[in-house]
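Chemist: Here is what each chain is made of, one letter per residue.
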Amino acid sequence: MGRYRGYLYAFLAHVGFVLVWHFAVVWSGVPKFIMPTPLDALRELFEPHYNWGTHIWVTTLEVFGGFTLAAVVGVAMAVLFVWLPGANAALMPLLVTLNMVPKVAMAPLFVIWLGFGIVPNMIIAFTICFFPIVLTTYRGLVEVEPELINLVKSVRANRWQIFTKIQLPGSLPYLFSGMKVAAVLAVAGAIVGEFIASDRGLGNFLLIQQNMLNTGAMVMALILITLIGTALYGVVLALEWVFVTRKEVAK
Amino acid sequence: MTAPFIRIENLRKVFRVSGRELVAVQDVTLDIRQGELVSLVGPSGCGKSTVLSILAGLLSADGGTVEIGNAENPFTPGRDIGMVFQKALLLKWRTILDNVMLPAEILGLPRRETRERARDLLQMVGLGDFAEAYPQQLSGGMQQRAAIARALVHDPKLILMDEPFGALDALTREKMNLELLRIWRESRKTILFVTHGIQEAVFLGSQVAVMTAGPARMADQFHIELPEPRHLDVKTTEAFGAYARRIYGLLGLS
Ligand SMILES: Nc1ncnc2c1ncn2[C@@H]1O[C@H](COP(=O)(O)OP(=O)(O)OP(=O)(O)O)[C@@H](O)[C@H]1O
Ligand SMILES: [Mg+2]
Numbered sequence: 335m336g337r338y339r340g341y342l343y344a345f346l347a348h349v350g351f352v353l354v355w356h357f358a359v360v361w362s363g364v365p366k367f368i369m370p371t372p373l374d375a376l377r378e379l380f381e382p383h384y385n386w387g388t389h390i391w392v393t394t395l396e397v398f399g400g401f402t403l404a405a406v407v408g409v410a411m412a413v414l415f416v417w418l419p420g421a422n423a424a425l426m427p428l429l430v431t432l433n434m435v436p437k438v439a440m441a442p443l444f445v446i447w448l449g450f451g452i453v454p455n456m457i458i459a460f461t462i463c464f465f466p467i468v469l470t471t472y473r474g475l476v477e478v479e480p481e482l483i484n485l486v487k488s489v490r491a492n493r494w495q496i497f498t499k500i501q502l503p504g505s506l507p508y509l510f511s512g513m514k515v516a517a518v519l520a521v522a523g524a525i526v527g528e529f530i531a532s533d534r535g536l537g538n539f540l541l542i543q544q545n546m547l548n549t550g551a552m553v554m555a556l557i558l559i560t561l562i563g564t565a566l567y568g569v570v571l572a573l574e575w576v577f578v579t580r581k582e583v584a585k
Numbered sequence: 004m005t006a007p008f009i010r011i012e013n014l015r016k017v018f019r020v021s022g023r024e025l026v027a028v029q030d031v032t033l034d035i036r037q038g039e040l041v042s043l044v045g046p047s048g049c050g051k052s053t054v055l056s057i058l059a060g061l062l063s064a065d066g067g068t069v070e071i072g073n074a075e076n077p078f079t080p081g082r083d084i085g086m087v088f089q090k091a092l093l094l095k096w097r098t099i100l101d102n103v104m105l106p107a108e109i110l111g112l113p114r115r116e117t118r119e120r121a122r123d124l125l126q127m128v129g130l131g132d133f134a135e136a137y138p139q140q141l142s143g144g145m146q147q148r149a150a151i152a153r154a155l156v157h158d159p160k161l162i163l164m165d166e167p168f169g170a171l172d173a174l175t176r177e178k179m180n181l182e183l184l185r186i187w188r189e190s191r192k193t194i195l196f197v198t199h200g201i202q203e204a205v206f207l208g209s210q211v212a213v214m215t216a217g218p219a220r221m222a223d224q225f226h227i228e229l230p231e232p233r234h235l236d237v238k239t240t241e242a243f244g245a246y247a248r249r250i251y252g253l254l255g256l257s
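Those protein sequence lines, which keep their order, are chains W and V. In case it helps, our numbering puts the first sequence at residues 335 to 585. In case it helps, our numbering puts the second sequence at residues 4 to 257.
Any given hint could turn out to be false.
[To be verified] Subject to a maximum C-alpha distance of 25 Å in a straight line, what follows is the list of computed SDA-like cross-link-like pairs (lysine to any residue):
no., chain 1, residue 1, chain 2, residue 2
1, W, Lys581, V, Gln140
2, W, Lys487, V, Thr53
3, W, Lys499, V, Ala136
4, V, Lys95, W, Glu477
5, V, Lys95, W, Leu373
6, W, Lys499, V, Gly81
7, V, Lys90, W, Phe497
8, V, Lys192, V, Gln140
9, V, Lys95, W, Phe497
10, W, Lys487, V, Asn73
11, V, Lys90, W, Lys514
12, W, Lys499, V, Gln139
13, W, Lys514, W, Arg580
14, W, Lys487, V, Arg19
15, W, Lys581, V, Arg118
16, V, Lys192, V, Gln139
17, W, Lys499, V, Asp30
18, W, Lys499, V, Trp96
19, W, Lys487, V, Leu229
20, W, Lys487, V, Gly72
In case anyone wonders, no lab produced these hints; they're calculated from the structure. The structure displayed is predicted, hence computed values, not measured ones.
Build the full structure now, drawing on both the sequences and the hints.
Modeler: So this is what it looks like as structure tokens:
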């Protein structure tokens, strides 16, 4: 299948989904406060008193901030584990155990420790999404053909050369697959943070509108959250294209 | 007569695996002259790769001596080794040219000249048009040619090849054998070539060394006197068959 035909199919599927949603609501006669049509939801976007701009901005900051922090700390930690096998032996199992702690359940504690606001929510997003980055990047860094190591060692490659010329570039595909998982989790983390305690953000807005049974605005908030996540995912895909895919597809 | 380029005498290597000792190389003695292509054959697990690793300076011997280099051809450890394995082991994010450059980069050789040299080598192995391609665009045989160019880029004195054509189909393998002989003639490198193929060993080698397992040791080594340069039809000659039978005999296969 041609590339453009692929894009066309993907676009048609999205349009199709919206159409099915619309007509399912219209034909079934479900009341608007139970399930609005896409148009009902979209109309809410033009209600100035909802302060959409602020909410979008706050949630975007939390998602992108938490994710960036996770990417930086995650990669740094994976590199540390590779350079210090002792740290890896001690800390990796601990990390696996800590990862089992449901981060969602920790959010109330974070509120006690950090109060509420953008930064605490960033940190919740960070804790929820950094583990896959550490794990996949570490795997990528250590997964090198032993014979390739022998080959470069036969000309006395030092650890730094092996790291920069083989391990680090070799780990990039792994890093990006970890980041794709993390992008989804970062959104969930930020919204959970806003659910637990917040005064702004799309998650906060969702809860407030729920009290008023304002389903249209809730669905619109959900769409916006999805768009933020999609934008983050798009950034990751773009970086992956620049650093990995571009070099692996036939010209 | 000049001194041999490589002298291996009573080489012994023991691995300690969970408290138990495993004799990987029992008693290997082998002389190789400068510019020779020596085939090393033997059953799986008899220690061929271990011998190569010791020559490459990646493992230390537990007994015996290994000397490389002579008066006319001094050898610098950690510098004068080129290696080719069964897998091409090309870095998939580098172009073929940049892959070939890798050992030169590690050694810190001047970039401009080595680029020239890498291009010439790609030409020599028949990949002149693929310098800017990426490995996944090349067939297995082409990747292996790139790996051979990479082993030559820093102009090492000794090339160690560990079953380099073992993963190729029979036809490509025959072709690569001819290519290797040509490259060897043009570069006059000393090559130690590990293979499981007895025909391949006889066809390529100016000398064949046969190792046996349990205990791992050198069974025999002898020179191959066949008309040079070698063509594929030499394989049908009586002399070729006699050499092959001799190896089969040493390996207990006849
Ligand atoms: N790093 C190691 N640690 C422990 N044992 C090893 C190690 N490397 C090799 N051995 C053992 O030493 C013996 C010889 O191994 P080697 O790889 O040299 O054999 P080989 O002749 O190259 O075999 P093949 O033809 O299958 O490649 C084998 O029994 C192997 O299990
Ligand atoms: Mg081997």
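Chemist: Quick one: which hint numbers does this structure break? Sort them smallest to largest.
Modeler: Hints 5, 8, 11, 16, 17, 19 are the ones this structure does not satisfy, whereas the remaining hints hold.
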